[in-house]
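Visitor: Residue strings, one per chain:
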Amino acid sequence: MRKSLIISVLAVFVLFSLSLVGCSSKEKLYVLNWGKYMNPDLIDKFETENNVKVVYEEVGSNEEMEIKLKQGITDYDIMIPSEYMIDKLSQEDLLLPINYSLLTNLEEVDFFEDAKVLYENEDFGQYLIPYFFGTVGIMYNTSNPNVKTALESDNGGFCTLFDVNNDFRVALYDSPRDTIGAALMCLGYSVNSNNDAELGEAEDLIEAALAKSLGSIRFGQDDLKGDVAKGNLDLALVYSGDYFEMVFEYEAEETDIEFDYFAPNHTNIWIDAFVIPNTSKNTDLAHKFINFFLDLDNAAENADWVGYTPVISEVYNVMVNDYGYDYDHYYPQPEGSSREVFMYLGSEHAQKLNTILNAVRIS
Amino acid sequence: MKSLRRLIYPYIAWLTVLIIIPFLFIVLATISTFHIFNSYTFRFTFDSLRFLTDPIFLNAFKNSIKFAGITTLICLTVGYPVAYFFANMKSKNKTLYVALLIVPIWSNMIVRIIAWENVFKPVSILNLFNLSFDMIGSDIAIIIAMVSMYLPFMIFPIYAVLDKMDHGYIEASRDLGANAFQSFYKVTLPLSLGGIVSGIIMTLLPAMTAFALPERIGGGTTILLGNLIEKEIFRGSFSIAATVSFVVMVVMLSLFMLIVRFDKEGETLL
Amino acid sequence: MKKNIYGSSLQVFLTAFTFLIVYLPILVIILISIHGSQYNYDSFKLTFKWYREIINDQQLVDAIIVTLQIAVLATTISTMLGTTFAIGIHSLKKKNRVRMMVLNNVPVVNPDIVTGIMLFIIFRFFRMTFGFPTMLLAHIFFALPFVILSVLPKLKQLDSNLFDAALDLGATKFQAIVRVIIPSIKVGMIAGALIAFTMSIDDFIISYFMKQGEFHNVSTLIYSRLAKRQISSNVFAYNSLVVVLTIGMMILFNSLNQTQKKVRG
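Chains A, B and C, in that order, are what the protein sequence lines are. Oh and the first sequence: position 83 is 83 in our numbering, straight run, nothing missing. Numbers given in our numbering equal positions in the second sequence, counted from 1, plus 1000. Numbers given in our numbering equal positions in the third sequence, counted from 1, plus 2000.
Hints in this document: simulated from the structure, not taken from any laboratory. Some hints could be false.
[As the list claims (entries may be wrong)] Under the rule of at most 16 Å between Cα atoms (straight-line distance), these lysine to aspartate or glutamate pairs were calculated in the EDC-like manner:
1) A/K352 to B/D1163
2) A/K36 to C/D2057
3) C/K2049 to A/E253
4) A/K53 to C/E2214
5) A/K36 to C/D2159
Since the structure is predicted, the reported quantities are computational estimates derived from the model, not experimental observations.
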């Protein structure tokens, strides 16, 4: 008796679970984005307003986004990669040009200079609408005053990360472009350098830093911002948004903030933008989605949730004045600073970068 | 029971489709530009094979052997006596006690890795007890975490074998004049060899190809074979990932065949 | 005949050490799940809010349901199929049986990431729907060998004459299997089922390659959250619940077993 009871319970469970694999008859929009990069309430609002279902997938890197697109399992309608990846995908003819006439909100909108330049870029500007941007910088813990001094000194900035003479606990981002970019910037070269001599110098710099005997150094990604904030690290290479994310979380928890962000005078700026890949089966709906986020109210609500700096200057003003975002470093284009954007220089260059970051870790 | 042979035909088909065919694809990817993506231009190339002489690969291989080897050794040295202890226990609840070792495995591996990560950093939950460790990235940290993950896998098979071993053999050996050490070495050890072999396989092989653990607890500075494959798939070349995968598969299978030869009783896995 | 392997006090020490090192992460997980702050460890703030947060996190709840559904289905199917195949393998001559077992053990010794890639390649080739179907098939794939490995030894201990005797007495092959073989190998089946369930619950990298869209199991969800945001402590709360519930069930089961034994006298 007991056996048949167990079997029937299992059978019901099986039937029940199979029935949950249902499907809706609404139109679907497939979106691929970074994690925690879009307000879910706004996605729900879009779904309701247009009576569609948004299938929302998250990844952690541009390369992962590229892989998912090319795997062909899902026919994505919208992706939000970074500028160099957009460059690459456009070169490979995987993107559809934006139909500006469908974006009615576009006229009301004024992009910041850095984003506008991308948007007006000859080669691939026609495939994108800017979404958020930010800079690469250094987050540091304020409990050790020597760190700030070192960062602001002549040989400071990015070079502080690779300096073997300080005893700081340092961490680098486990992303070839960002770490090698920081090394190149420390040496005074362009982040897009494809010069073997310059890349060799950068490799030596990183390798020497990894071998340093004072303090410590390691790689990480998501954990870096938390560790600097907590005090497990003195400084780390991060994205500007990482810093804000920690600020917001600490404010929410009402824990004391003992960390700060150092924005070097010359740094790399990244811009993430909407693109419509050629796998899209519903380009009209995709354009509606982009248009939805160009609406100033929606964009403000989104910027408040995401925390990164909005690319639209009107929205920026709303954030600072109405939402209380009166933070240092929130303004992305400080006077006197210069910012460089990554470019895609071909797969050989990308492979070179990947090899360098692997080679420096040979023990 | 020979007539029941036909039962395995579906299984042979299943294994062929899910192992042999993909394996051929991987071999193909090793010597050409074959990809899991939709778009690429196909041509034969042996570039990826050259990677096998690259210091990056050799270093990862060395690291895998080093960490997995040390971990397995520790697990064996600690695990055997523990399995022995449980097997000889005269308590009614001994199965329960052994089963308690399985429970941590049911909690998500990634969360356990994050827990170790937390502990190895100076600012950690252990600060509540005035304890603080600054070991992240060190070899010792990786080994401690690995032992923590794999000890139960070593203990279980050894316990299973020791538990059902007939104590009569030991008694007979003692009766015949052997001392404790001789009885163990000549009777218990050989009889439990099957369990030891299973334990080693369940520890050494997964440890060699782990990637989440060395990545997070090694502070990203220690690269094992698993990390290398993962990095190549997501950031590098699929062909290289396939090459390394192929080599790893061959090595694992060879190690397995080698280790199993020690089990003359035919208890393990065959 | 208390035989000393390293001496019994050392055995006790090593056993204690084992429990310590294996359970330390669990204790840490539980601690984090009841501590109020995710960033400040100066003083302990007891809280159960993370446990309440589990319900609010719809993604996590969905992922938990998926994990359980797949684990139960994969375990059931692989236990039934695995037992069937094990019986078949057992009936082979030694040479064929060895060949069969080599193939059977490939999923066991193969690194997860390689298995993940291989299954992805073949499922992609057949244009399968990624998500529940592929994840389920993948979990059955790596669970089957373990079930077979658990059942085979029990089959070896079986008296082969029993099966023939049952046939002689008029049973069909199916009846003979179900009534004669299965009861004797039940322990092996249960052990195999347990292993299958454990492997399925915790699998990460293979499941990663088997999913698409919003479909997640708990492991892939946690790992993907790791990618661009901090992990919230409600995940730790969920894990603590799993551990505590499992231990509770095991103790309960064990004491029920004991009372049964007592009753039987």
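Visitor: Does each hint fit the structure? Answer for all of them.
Guide: Comparing the hints with the structure gives:
| no. | hint | result |
| --- | --- | --- |
| 1 | A/K352 to B/D1163 | 55 Å, violated |
| 2 | A/K36 to C/D2057 | 14 Å, holds |
| 3 | C/K2049 to A/E253 | 13 Å, holds |
| 4 | A/K53 to C/E2214 | 12 Å, holds |
| 5 | A/K36 to C/D2159 | 61 Å, violated |
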